[in-house]
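Chain residues, written in single-letter form:
There are 4 protein chains.
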Amino acid sequence: MTSVCGKNIIVSIFGQSHSAAIGVTIDGLPAGKKINIDQLKAFLQRRAPGQNAYSTPRQEADIPEFISGLVDGVTCGAPLTAIIRNTDVRSGDYSQFSDVPRPSHVDYAAQQKFGGVQDMAGGGHYSGRLTAPLCIAGSICLQLLQQRGIEIAAHIASIGNIKDKAFNLVNVSLAEFELLKAKSLAVIDDQKAAQMIELILAAKSEGDSVGGVVECAALGIPAGIGEPLFDGLENSIAAIVFGIPAVKGIEFGNGFAAATLKGSENNDSFYFDNTQVKTITNNHGGILGGISSGMPLIFRTAFKPTPSIAKVQQSVSLSQKENTTLEIKGRHDPCIVPRAVACVEAAAAIAIYDALLDTQI
Amino acid sequence: MTSVCGKNIIVSIFGQSHSAAIGVTIDGLPAGKKINIDQLKAFLQRRAPGQNAYSTPRQEADIPEFISGLVDGVTCGAPLTAIIRNTDVRSGDYSQFSDVPRPSHVDYAAQQKFGGVQDMAGGGHYSGRLTAPLCIAGSICLQLLQQRGIEIAAHIASIGNIKDKAFNLVNVSLAEFELLKAKSLAVIDDQKAAQMIELILAAKSEGDSVGGVVECAALGIPAGIGEPLFDGLENSIAAIVFGIPAVKGIEFGNGFAAATLKGSENNDSFYFDNTQVKTITNNHGGILGGISSGMPLIFRTAFKPTPSIAKVQQSVSLSQKENTTLEIKGRHDPCIVPRAVACVEAAAAIAIYDALLDTQI
Amino acid sequence: MTSVCGKNIIVSIFGQSHSAAIGVTIDGLPAGKKINIDQLKAFLQRRAPGQNAYSTPRQEADIPEFISGLVDGVTCGAPLTAIIRNTDVRSGDYSQFSDVPRPSHVDYAAQQKFGGVQDMAGGGHYSGRLTAPLCIAGSICLQLLQQRGIEIAAHIASIGNIKDKAFNLVNVSLAEFELLKAKSLAVIDDQKAAQMIELILAAKSEGDSVGGVVECAALGIPAGIGEPLFDGLENSIAAIVFGIPAVKGIEFGNGFAAATLKGSENNDSFYFDNTQVKTITNNHGGILGGISSGMPLIFRTAFKPTPSIAKVQQSVSLSQKENTTLEIKGRHDPCIVPRAVACVEAAAAIAIYDALLDTQI
Amino acid sequence: MTSVCGKNIIVSIFGQSHSAAIGVTIDGLPAGKKINIDQLKAFLQRRAPGQNAYSTPRQEADIPEFISGLVDGVTCGAPLTAIIRNTDVRSGDYSQFSDVPRPSHVDYAAQQKFGGVQDMAGGGHYSGRLTAPLCIAGSICLQLLQQRGIEIAAHIASIGNIKDKAFNLVNVSLAEFELLKAKSLAVIDDQKAAQMIELILAAKSEGDSVGGVVECAALGIPAGIGEPLFDGLENSIAAIVFGIPAVKGIEFGNGFAAATLKGSENNDSFYFDNTQVKTITNNHGGILGGISSGMPLIFRTAFKPTPSIAKVQQSVSLSQKENTTLEIKGRHDPCIVPRAVACVEAAAAIAIYDALLDTQI
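Residue numbers (our numbering), protein chains in the order written: chain G, 1 to 361; chain A, 1 to 361; chain R, 1 to 361; chain H, 1 to 361.
Check before you lean on any hint, since a few could be wrong.
It does not matter which identical chain is used: a pair holds within one copy or between any two.
Said to hold, decoys possible - Listed next, the in silico DSSO-like pairs over lysine-lysine satisfying Cα-Cα at most 27 angstroms (straight line):
id: 1; residue 1: Lys181; residue 2: Lys192
id: 2; residue 1: Lys163; residue 2: Lys192
id: 3; residue 1: Lys7; residue 2: Lys163
id: 4; residue 1: Lys41; residue 2: Lys181
What the hints contain is simulated information worked out from the structure, not anything from laboratory work. Quick caveat: nothing in here was measured; it's all calculated off a predicted structure.
All chains, please: the whole structure from these sequences, using the hints.
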């Protein structure tokens with residue numbers, strides 16, 4: 001079991017959906033760095049539940065308490081730990097799932113792994129709630145990246161079959177980032193945003209859910225970041241992104257589309273933009289051989305539809321050893337993607353900051 | 001820098017394309033396990049170059065020498081190290097690329113990272129040649145998995161726009177694996193295989209290259225393997241697969257397609273197949289919450305077209321600080337995908353075996 | 001920076017002496033294990049301050065709150081986190097030491113490392129107070145070891161030049177462990193205990209302090225535990241024990257005394273005790289080549305005298321760049337050794353339990 | 001199993017005494033560093049066997065072959081691997097020990113661990129021969145430290161009861177290092193050296209062996225190196241040093257002697273030596289709270305007498321389940337300490353260099 005990631009910083013996430021608290025420890029942060037707590041809280045708000053009609057009505061204040069590692073808002077070189085108390089907990093909702101596992105949820109696999117003693121209330125340690133501490137760590141890493149001129153932003157590339165305008169692989173800009181972060185739904189094209197909300201609400205009203213894709217970009221990463229083979233930027237971003245529940249795929253640059261192209265179509269020619277080496281296209285998504293190229297880093301992450309739906313579903317009773325049906329009552333997001341935008345940014349920030357510490361630059 | 005992966009076993013890969021040798025150390029293998037060297041060599045042959053018209057003419061005997069960890073073909077509990085001598089080396093081919101980086105190759109990023117002292121002959125440590133030691137480690141892990149009833153096979157899902165028949169997510173079988181491994185090109189549909197070869201040869205004759213997708217399945221993994229958050233099967237498979245050169249994306253189960261579906265479409269209902277719990281569909285690809293579900297594990301990996309093409313390309317002279325053109329002479333695969341099939345299987349075998357050692361089952 | 005230890009379990013300690021709380025996360029504990037919280041609290045009491053005339057008067061309730069990983073006192077497979085609130089905090093005591101470092105304390109070295117932004121109030125992250133979370137983790141590991149028939153106990157081998165009776169390397173027994181744990185001062189020979197207290201009180205009255213040695217034994221470890229070279233039992237116990245403040249040495253078996261002997265004197269002959277292989281002597285302290293031999297594991301740890309003494313000392317003013325004198329007021333143990341006994345047991349328990357999880361037995 | 005150490009550099013040692021080769025991979029070395037191979041070979045010579053009357057007559061050319069990571073003697077950023085072929089191998093010497101374990105040797109514990117399939121020829125992976133790759137890694141780290149003004153040297157502090165002059169904790173100098181390295185036996189006092197040789201030869205003629213202590217010093221380490229709790233310099237040096245066969249203890253500064261002192265005696269007062277902060281005494285051995293203080297780093301390591309002695313010893317037959325006697329024929333050092341001096345320096349160099357890479361300085 002390892003809810004621990006990172007190499008130069010070690011990010012350790014703990015808690016269950018319905019335990020006393022959830023939290024995160026970051027070991028290895030440099031000392032003397034100012035952390036803006038208001039900015040961090042604003043970041044957390046972007047993944048917080050209960051904010052609008054298309055997310056779970058579960059209410060969580062989600063106020064992190066920093067219990068170590070910060071003195072007057074400045075890192076002191078000791079491990080930084082923050083916890084969030086769980087308050088709005090209704091364990092009763094979940095009692096049945098240890099016997100009748102929810103389709104496409106972790107219930108059955110966890111039952112086989114832990115032999116029945118796992119804490120599955122609210123999804124336990126596998127709950128999307130654990131992305132709150134991920135976002136705390138991510139926001140801190142993002143602030144430290146910003147202090148070095150690196151900025152990260154993500155948007156909803158698609159929900160169901162409704163597609164937002166994609167980031168321009170070459171020209172994605174900080175201005176675009178600003179615009180996105182000011183929106184309640186991180187979608188470039190407002191018309192598409194409206195359609196996405198409509199689609200989510202329709203799924204909700206049917207007791208159903210819907211999936212989507214998040215596209216994330218990072219600007220300002222100098223060329224030369226990332227280690228060979230198993231510690232390249234793609235490896236380390238992927239290793240953290242798959243820690244976000246419901247992620248089923250990741251691609252960098254033009255990703256799966258590259259597989260359909262010829263080398264002469266996919267290759268990105270170098271040129272001098274004044275004194276700076278750039279590429280005319282950016283099909284490589286800012287990463288070559290695991291190392292940053294200086295071009296915008298771009299990747300896309302696929303989220304499956306929330307498995308917890310209200311519709312009656314077919315499952316099994318493990319105790320009765322027979323097929324049965326299941327109706328899930330609890331409170332669930334009809335679409336996790338809007339709240340996942342911040343989580344993807346957080347995962348990217350942790351991986352990139354960790355890689356930056358590793359580099360010889 | 002870390003060319004090291006794994007947690008319970010530690011796989012450390014070393015060597016450059018044109019160094020005296022390349023190799024791998026696997027630390028943490030259990031003692032007393034029989035390794036079939038002939039089977040390992042046959043596995044290596046599947047990724048070896050120079051075997052047919054559509055791969056690089058570079059000839060490498062690729063005979064591994066086991067210098068430690070094996071006594072009479074049985075693991076002895078000490079780290080296992082194997083090396084392969086580099087013999088057919090022509091360093092001169094590569095001298096120009098430190099000044100004029102090849103588009104979409106690691107040259108420029110590595111130059112920025114290492115400040116010019118990196119060994120880029122033949123791609124150096126970033127060469128596809130380093131997948132030979134990966135395959136040694138993978139073949140050993142695969143044999144140890146087979147001793148526990150787990151089998152892995154991959155096929156070419158597509159090259160360019162030519163698509164092979166996909167694995168049936170639910171019914172992929174060992175018999176299908178056998179058939180695939182007997183073929184010179186790992187494609188289920190022979191007609192498609194012929195078209196793929198045609199496409200590769202066409203690209204070759206144009207001095208171009210072409211990309212593709214490898215689909216990999218694993219059978220026999222018991223439910224309950226894989227750790228939470230950052231150490232799930234998806235995370236650890238992805239972290240190794242992105243260590244294979246040219247990989248730009250990975251997806252599990254129905255992957256990116258899941259993002260377009262509703263929960264009611266994507267969810268996999270449980271049922272009893274006699275006494276065994278299965279799912280009717282397998283959109284989750286055998287992994288739920290990072291943990292194996294007992295269903296076939298399925299993932300797909302996107303490979304970009306080989307960046308080294310014979311066509312004249314646009315690049316820069318770093319020393320002259322001006323735009324220039326580049327013509328790559330060396331010996332290169334017009335399509336890396338056929339040889340990558342074994343590499344993907346190897347990566348999966350390492351990740352799954354490592355996870356299996358971790359489990360409480 | 002890494003306040004993280006372990007391999008199969010990952011123990012991450014956080015907090016500063018005067019932060020809101022201190023605590024520990026243990027990742028990787030098996031699920032379904034009962035943890036006796038009363039037993040854990042009793043273990044913590046053994047290192048708690050303020051209990052008698054020869055320890056610091058600082059009062060800490062030291063009641064751990066388990067915020068994750070335990071459900072009804074049983075591990076659930078998720079990371080276990082416990083925190084202890086810091087209550088009796090007087091930061092003012094420490095303000096001067098960032099300019100005038102205390103001799104033989106971490107002040108100066110930390111100042112050089114962290115450039116002045118470290119939190120040195122109460123010793124910050126370097127405080128002996130951080131051994132409380134170490135003891136939480138240690139008590140949990142010890143309970144899990146006990147469930148497998150392994151018991152650990154330590155005693156004060158010496159304080160200053162007063163020496164307790166040593167453990168008999170061959171015949172140390174559980175009965176002896178019981179007796180020790182029932183005592184307020186973990187000393188085998190009561191007369192020596194009285195002399196030790198006298199010595200500590202004399203040092204205290206002089207505004208001085210005194211060092212000592214803790215001897216620790218573990219019974220019931222089966223032969224065959226411990227990995228080669230850098231992951232033997234000696235390596236991993238040492239790596240954790242040196243995490244306890246004031247430790248300056250460690251030796252196993254007859255340790256430094258072995259260096260004065262001939263092989264024929266130091267070698268431990270094997271014999272059969274009924275069907276069990278034992279050694280007639282146990283100069284090896286239960287570890288051969290890093291691996292447990294089945295004999296009692298024995299090691300000794302040297303603690304320097306508490307550097308914080310009331311006597312006027314010579315130091316420097318870093319700001320004034322001149323020599324000066326220093327008088328330390330705060331509250332300090334005249335001898336850390338009595339409270340360190342539990343810490344040494346905790347360190348041993350963590351290392352041994354981690355090694356046990358690693359083994360193929 | 002982990003024959004892997006380090007955090008920023010990852011040192012992985014492989015091979016058995018009688019396998020085809022032994023070797024080491026160092027992952028994470030910075031690129032562009034010149035390695036002097038002659039200097040490295042000279043370093044290796046200091047631990048090589050067969051050089052005089054008081055070491056094993058086993059002859060090994062011990063010529064390392066660098067198979068990756070170096071281009072024209074300069075690190076290229078890829079993992080550096082060196083191997084040494086095993087040539088003078090006589091496996092027959094060792095066949096009996098799997099049944100009749102040698103007292104105080106790893107035989108019995110390894111038999112219990114590996115169930116009989118371990119390769120114990122020549123000590124297998126536990127052989128002192130594996131310190132040759134340790135010395136390769138150590139010499140490389142030492143050269144990199146020297147490039148940053150840090151120098152390490154060790155001497156034989158004692159053999160049996162014959163004690164060399166100790167390093168002066170405060171004034172140990174580079175000049176003293178030079179003198180030591182020029183000697184065939186690393187002993188400060190030549191008269192004591194002669195007595196030590198006499199003692200070793202006496203032990204040898206009796207078919208016996210003798211232990212000793214190695215004292216090691218490092219000069220030029222800036223203040224501020226070393227991480228808190230489990231990653232301090234003491235922890236990491238100890239974790240590697242215990243990887244050298246026959247080590248049974250380690251102490252820093254005045255070590256176990258500190259345990260007999262009062263704080264007022266043991267504390268090291270700070271003062272200004274011109275603009276530099278120093279301590280009047282150096283009982284702390286250059287490490288405070290795990291962090292370097294800028295004073296000389298000093299530690300001592302206890303080696304037990306070589307367990308392989310020619311005298312008839314008592315042991316057991318594991319197959320016959322009865323007591324028996326054992327006479328060891330092979331070729332063995334009557335005292336390992338002279339050859340261990342370089343190994344201790346190597347271990348220190350690896351730990352200190354790894355810590356230096358970690359630091360924020």
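Hints, verified against the model:
For the identical chains of this complex, lysine 181 and lysine 192 are intra-copy neighbours only, at 16 angstroms inside a copy versus 46 angstroms across copies, given an alpha-carbon limit of 27 angstroms. In the homo-oligomer, the alpha carbons of lysine 163 and lysine 192 lie at most 27 angstroms apart inside one protomer (7 angstroms), although the nearest pairing across protomers, at 32 angstroms, exceeds that limit. In this assembly of identical chains, the alpha carbons of lysine 7 and lysine 163 never lie at most 27 angstroms apart, being 36 angstroms within a copy and 39 angstroms across copies at closest. With identical chains, the CA atoms of lysine 41 and lysine 181 are at most 27 angstroms apart within one copy only, with a shortest distance of 14 angstroms there and 48 angstroms across copies.
When held up to the earlier numbered hints, the structure conflicts with hint 3 and nothing else.
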